[in-house]
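Build out the structure end to end from the sequences listed, making use of the hints.
Number of protein chains: 2
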Amino acid sequence: MILLDGKKVAGEVKAEIAGRVAQRSARGGRVPQLAAVLVGDDGASETYVSHKARACSEVGFLSQVVRLPDTVGERELLCTVAALNADAAVDGFIVQLPLPAHINEHRIIEAINPAKDVDGFHPVNVGRMMLGLPAFVPATPAGIIELLGRYGIETSGRHCVVLGRSHIVGRPVANLLSQKARPGDCTVTLCHSRTQRLKELCRQADIIIAAIGAPGFLRGDMVREGAVVVDVGTTRVPAATRSGFRLAGDVCFDEVAPLCSYISPVPGGVGPMTIVSLLKNTWTACTGENG
Amino acid sequence: MILLDGKKVAGEVKAEIAGRVAQRSARGGRVPQLAAVLVGDDGASETYVSHKARACSEVGFLSQVVRLPDTVGERELLCTVAALNADAAVDGFIVQLPLPAHINEHRIIEAINPAKDVDGFHPVNVGRMMLGLPAFVPATPAGIIELLGRYGIETSGRHCVVLGRSHIVGRPVANLLSQKARPGDCTVTLCHSRTQRLKELCRQADIIIAAIGAPGFLRGDMVREGAVVVDVGTTRVPAATRSGFRLAGDVCFDEVAPLCSYISPVPGGVGPMTIVSLLKNTWTACTGENG
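Residue numbers (numbering that gives the first Met the number 0), protein chains in the order written: chain A, 0 to 290; chain B, 0 to 290.
Hint data in this document are derived by calculation from the structure and do not stem from the laboratory.
Pairs of lysine-lysine, DSS-like flavour, derived with a Cα cap of 27 Å:
#1 K198(A) <-> K198(B)
#2 K179(B) <-> K198(A)
#3 K198(B) <-> K179(A)
Shown next, in the form of structure tokens:
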């Protein structure tokens, strides 16, 4: 069993990006800037945004956080989006989700200039990704693909079972892995809450991507010997840690890991890859080059 | 075995649309207009466009065909698209594919105003469809969904195997059937040329959608008793008919039909449903109402 060490790979990718930023800067080029809009004071959102800002500084990007109270109106938030669209110093930006219930998330996302939509949530980017055209791909699926690629895992013709049909992970990763690409060319089965005979399906999989947000959901008896398992779960569960919680994956690691050829841990697997994918998208937004 | 009689259902849907057009017209409302751009003189394209024009006249829509020689330049074609975008009398239009090799299809499609893109090929519509938002859905997948719905076929929790990953049929129908909707909520496996153990996968399917364009590909030993089979193939094969060809489906009908609970024939299955989906999209483009 080989651990898909996202933390290590993310460090390598960040070093590559830092090198390119330094080169660009030395040539007198502008350094990329990522902005994040943070509405309210949700603890998890705070953490995600601060991780993103730290990653920016690690590679030499500029970053800024626009903080708005959770009482902000939709119109005011749309004004913030318009200002970031217009700000030539900002190459890409994200609006950290979830937003308060009184705000229509789709309306906000569709207001973002697709060329600055480094989260890849705008319909234009979703559509272009699905059509196999150049697009900002959402960070988590992009990170998973990069992780599989960096470990040289063969995907062509393999049967990949994706657990979870979210727009942020399950659907896009299913789409990417089914495309004529490398990594890609998988036969993909997309499973969800209504799926019947799930165990039977999982046991046929060469690759399982678990993205449902249910701690320990994937048990040992659902995985065949030699499978590749990617754990996208990051549920906060209470624990005797300084923060009062720990991150729990969707995979029952102790049962599943011994069966696997490769498995990604939580934490330290997909999470760090997600952030570097965001950095790569921001690099592309700034330079027009692939990240 | 029950035949999924697309010709009959399409007739019913057309009668419904015709009724709404007549009502709208009686209230003094403008009648929807569909335009088609036809480049060159490909026989199949000619046939498709003339079928679409005939369907328009059957339901009381206006239609027009803009004919351009296959020597037309990309810029000229973009001008035609711009003119149709600007023409308030045209509610929706299609550019019949394929286009000559010297023209970039994506560039043409992305030039169409998404609000008039009744083929549903523009990235905005593809993305919105994938996100489960209101969108123009490509006509063939929409027609398949409608056919399943009209026959009251249960899809929730069922395992659907889609053969073929094209952007026009396989991918969108896989996406639609996996959505939380009715018909929908399927577990979907998307198969293609690289898929291994295809027979084994097909034999597990409750529903098979064959969209690969290989006549008679799906044989009896690939289908389990009681399955629902939808045949999207429409390959022209030489035959002793007036036209010199006949349409061949992807399903070996004689072997597969006796095993099925439901099966769509070729011709007379998905084909007629495709055209009524285009009419419904045009109705929506004109009126803002669902088609």
